[in-house]
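**Student:** Each protein sequence line maps, in turn, to chains A and B.
For the first sequence, the residue numbers in my numbering are 15 to 129.
For the second sequence, the residue numbers in my numbering are 5 to 121.
Simulated from the structure, these hints should not be mistaken for lab results.
Cβ coordinates follow ideal geometry from the N, Cα and C atoms, glycine included.
Don't take every hint at face value.
[Stated by the list, open to error] Beta-carbon label-pair distances, calculated as ranges:
1) R128/A x C17/B: 39 to 49 Å
2) T59/A x W14/B: 16 to 26 Å
3) S65/A x S93/B: 19 to 29 Å
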Amino acid sequence: DQQVKQNSPSLSVQEGRISILNCDYTNSMFDYFLWYKKYPAEGPTFLISISSIKDKNEDGRFTVFLNKSAKHLSLHIVPSQPGDSAVYFCAASPLPTGANSKLTFGKGITLSVRP
Amino acid sequence: GAVVSQHPSWVICKSGTSVKIECRSLDFQATTMFWYRQFPKQSLMLMATSNEGSKATYEQGVEKDKFLINHASLTLSTLTVTSAHPEDSSFYICSATRGFLAKNIQYFGAGTRLSVL
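Bound conformation, chain B alone (with noise of 0.2 Å):
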């Protein structure tokens, strides 16, 4: 149990446009969800961390206005990129906890690559 599927796995997109990426908790109600950005060599890096039906919150840093956050329903996290820019193009990946009885284990996402041209 406890899998989390993200979509697209892969994603090119021109500068200026919008990408969504998508989270869902496949088989549990995912109490919080939480968004990272991986860059080549360094650690996972948070952006923010969300929950069902409230504001996203964002770690010291990250836009807001270009990280859009969407927790719709307990099973279903976007992120949108907003007028994407080169400087955007990392690995996003996705987790999400059980509730409280797991604790703080978090279960991920395979990731997305962007690239931005």
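So that you can see chain A by itself, here it is in the shape it has in the complex (with noise of 0.2 Å):
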């Protein structure tokens, strides 16, 4: 049973567009919403996370929006650039929040962002 889903594995867009990337959830436990962006041979690196007492985080070109009563969140990139071409991993957590708390992972949507 998958609590984390990214139902679509890919996603092509043009350079300077938008990107938006889909996440949902069956878990009404999940309190705490992360983004990772991974690269071949590199492990994934954190990029913007969101708490659910909030429906919206910026940070820079990336925005995390958060539909709670969906179950749903998404990961917006403007304006899309080539070097954000990577695996995009939305991850969950449930609260208790802090150090031991765990992740559950979606399997990721492979972002190719076009010249």
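Using the hints, build the complex out of the two chains.
**Tutor:** What follows is the structure in structure tokens.
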């Protein structure tokens, strides 16, 4: 039973356009959500996160939106750059949050940004 | 900051041998370290959570005698795959958290590709 779902395995966008990566979850106990970016032969790198008390968090070109009632979050990248081409993982964590909190990951979305 | 180093990056071994993978936090003290396994085109599956000086907590279905985890210091955790078999071939990756101020953010190593012949 996959609790964090990234249903689209890949996304291709033109440089300069917006990339929208979607993620759905089923566990209502999830309280904290994170996006990670992974290049080949490297470990995932933390990108941005959002707590369930918010519906939006922005950091530069990256914005994460959370719709708790729909159990859906999305990562927007604008403008997209070729260097953004990578695999993006959505992850979720339940209460209580903290150093010991487990993360449940989706399968990842491969984003390709065309020059 | 928050660099996690994992070694080796790739290992090939014969069936029946044991393999040790190291995970180090280079510029911070890791309160907790996590070990994951990833199959091709699948998500990262948590195997176990380890805290320095205490026994690791294994996820359901993970054999603790098969996957030995030692967390001897705040900067080093090791995963030993004992008596490895071809079905253990996978990508193993560790992560670490910096403490409660960093909330749930985990910092990952680059992973280890294990191939058992």
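**Student:** Now, for every hint given, state plainly whether the structure supports it.
**Tutor:** We went through each hint and held it up to the structure:
Distance hint check: the CB atoms of R128/A and C17/B are about 41 Å apart, consistent with the given range 39 to 49 Å. In this structure the supplied range 16 to 26 Å holds for T59/A paired with W14/B, their Cβ-Cβ distance being about 20 Å. Separation of S65/A from S93/B is about 38 Å and departs from the stated range, judged on CB atoms against 19 to 29 Å.
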